[in-house]
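Peer 1: First to last, the protein sequences are chains A and B.
Just so you know, we're using numbering that gives the first Met the number 0 here: the first sequence kicks off at 0 and counts up by one.
Just so you know, we're using numbering that gives the first Met the number 0 here: the second sequence kicks off at 0 and counts up by one.
It should be emphasised that the hints constitute simulated quantities derived from the structure, not laboratory data.
Don't be surprised by glycine CBs; every beta carbon is placed ideally from N, CA and C.
Any given hint could turn out to be false.
FRET-style restraints, in silico, Cβ to Cβ [as the list claims (entries may be wrong)]:
id, chain 1, residue 1, chain 2, residue 2, range
1, B, 0, A, 144, 39 to 49 Å
2, A, 142, B, 45, 25 to 35 Å
3, B, 33, A, 114, 36 to 46 Å
4, B, 146, A, 189, 19 to 29 Å
5, B, 144, A, 113, 18 to 28 Å
6, B, 172, A, 114, 39 to 49 Å
Calculated lysine-lysine pairs in the DSSO-like style (CA-CA distance at most 27 Å, straight line) [what the hints assert, rightly or not]:
id, chain 1, residue 1, chain 2, residue 2
7, B, 112, B, 2
8, A, 186, B, 160
9, B, 160, A, 174
10, B, 41, B, 145
11, A, 20, B, 150
12, A, 186, B, 112
There are 2 protein chains.
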Amino acid sequence: MKKVITIGREFGSGGRELGRKLAERLGIAYYDREIITAIAEKTALSEEYVDRVLERRPTQIYPFSHSGTFYLSFDPHFHLNNSIYAEQTSIIRSMADRSPCVIVGRCADYILKDRDPFRVFVYSDMPHRLARCRENAPENENLTDKELRQKILAVDRDRRKYYRFFTGQNWGDRKDYDLSINTAVGKIDDWVELISLFVEKL
Amino acid sequence: MKKVITIGREFGSGGRELGRKLAERLGIAYYDREIITAIAEKTALSEEYVDRVLERRPTQIYPFSHSGTFYLSFDPHFHLNNSIYAEQTSIIRSMADRSPCVIVGRCADYILKDRDPFRVFVYSDMPHRLARCRENAPENENLTDKELRQKILAVDRDRRKYYRFFTGQNWGDRKDYDLSINTAVGKIDDWVELISLFVEKL
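Isolated chain A, as found in the complex (with noise of 0.2 Å):
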């Protein structure tokens, strides 16, 4: 069997749920939310600090120039936010190597690219989007379709952003991913048994 798993995926996909339950099937470790908190432990950020960096816009990660001139070094988010990337990468590693596991999100698929994952990205189509963030949503949260749908396309663009910047690769993009399945069709369960059954073959 693959020792390592990496879930790639589409905001409101059930790509989360889809991991987690890969993970508990096949009886190994899973990693989402837990690389934030050891981030946050490692480097004493606030895990709201880590997570902002992690899912958001890396737009503020850019250099930026002024008179033709670059500040790099001078730009105190720019090495912030890149040792919050250094110690991800080295915490996704050592996760990796410690046992057999599911990874979601945060790049994992390019940062274990030598440990040779079973790469999968999960996408569906808006409707079927829009319903398991309504199923999923705080109680507190009353967005309209519009605003909804918005937010969405908000956390993609983001993703897609942040992906690129640090791998240099298009987020989703077929060539970088061994599997890739539309949860519009089907039920996550099913889609659960079919990639177990198929990992542990390899």
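Add chain B to chain A, keeping to what the hints say.
Peer 2: Just chain B now, kept in the frame of chain A:
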């Protein structure tokens, strides 16, 4: 179970083998070469000609302009090729309506959109595609690795152009498929098992 499974595939990825084995395993019809034969019979054109039009560059099909005037209606190629496509559309629809089946290539995912097929895209990396093409090559084919690679890329380019021309969609774009698989990982027989188990639940 979904009644129709369509398979798009990169050249040399094993999509045809996968489609044939999947149909065998599910005990349903399989169409690939049969579509060309049926069109040739219906149009009284040679199979070779139909094959060339359906698999090769659609550039001949574009209307050409001369001194700013379109000679659309005077271009015999344009009409012939369009009628081959129309014939293909009608043949694929009637095949899909006759009985459950697997259809490889031929824009079937697009043509059968209203029949809600299960849409698979099969791809691989270049070393595996080269190896597969060598295995399946006719005895008198003596291409160098470079020539074979060029041939593979040229066939893909033609498929992409053809698909784009007739569907307006990007060939291989995940949003138009339910499952995309990388046959560089695992064995074709295991992918077949995985897909058949899943499709039987739909």
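Peer 1: Each hint should be assessed against the structure and marked as holding or not.
Peer 2: Hints and how they fare:
1. 0/B x 144/A: 39 to 49 Å: The hint (39 to 49 Å, Cβ to Cβ) is violated, given that residue 0/B and residue 144/A are roughly 33 Å apart.
2. 142/A x 45/B: 25 to 35 Å: Because 59 Å falls outside the window, the suggested range is violated.
3. 33/B x 114/A: 36 to 46 Å: 44 Å, holds
4. 146/B x 189/A: 19 to 29 Å: 43 Å, violated
5. 144/B x 113/A: 18 to 28 Å: 26 Å, holds
6. 172/B x 114/A: 39 to 49 Å: The hinted range 39 to 49 Å is violated for residue 172/B and residue 114/A, with Cβ atoms some 29 Å apart.
7. 112/B x 2/B: 12 Å, holds
8. 186/A x 160/B: 34 Å, violated
9. 160/B x 174/A: 19 Å, holds
10. 41/B x 145/B: 39 Å, violated
11. 20/A x 150/B: Answer violated: residue 20/A to residue 150/B is near 42 Å, above 27 Å.
12. 186/A x 112/B: 21 Å, holds
Checked against the numbered hints listed earlier, the structure breaks hints 1, 2, 4, 6, 8, 10, 11; every other hint is satisfied.
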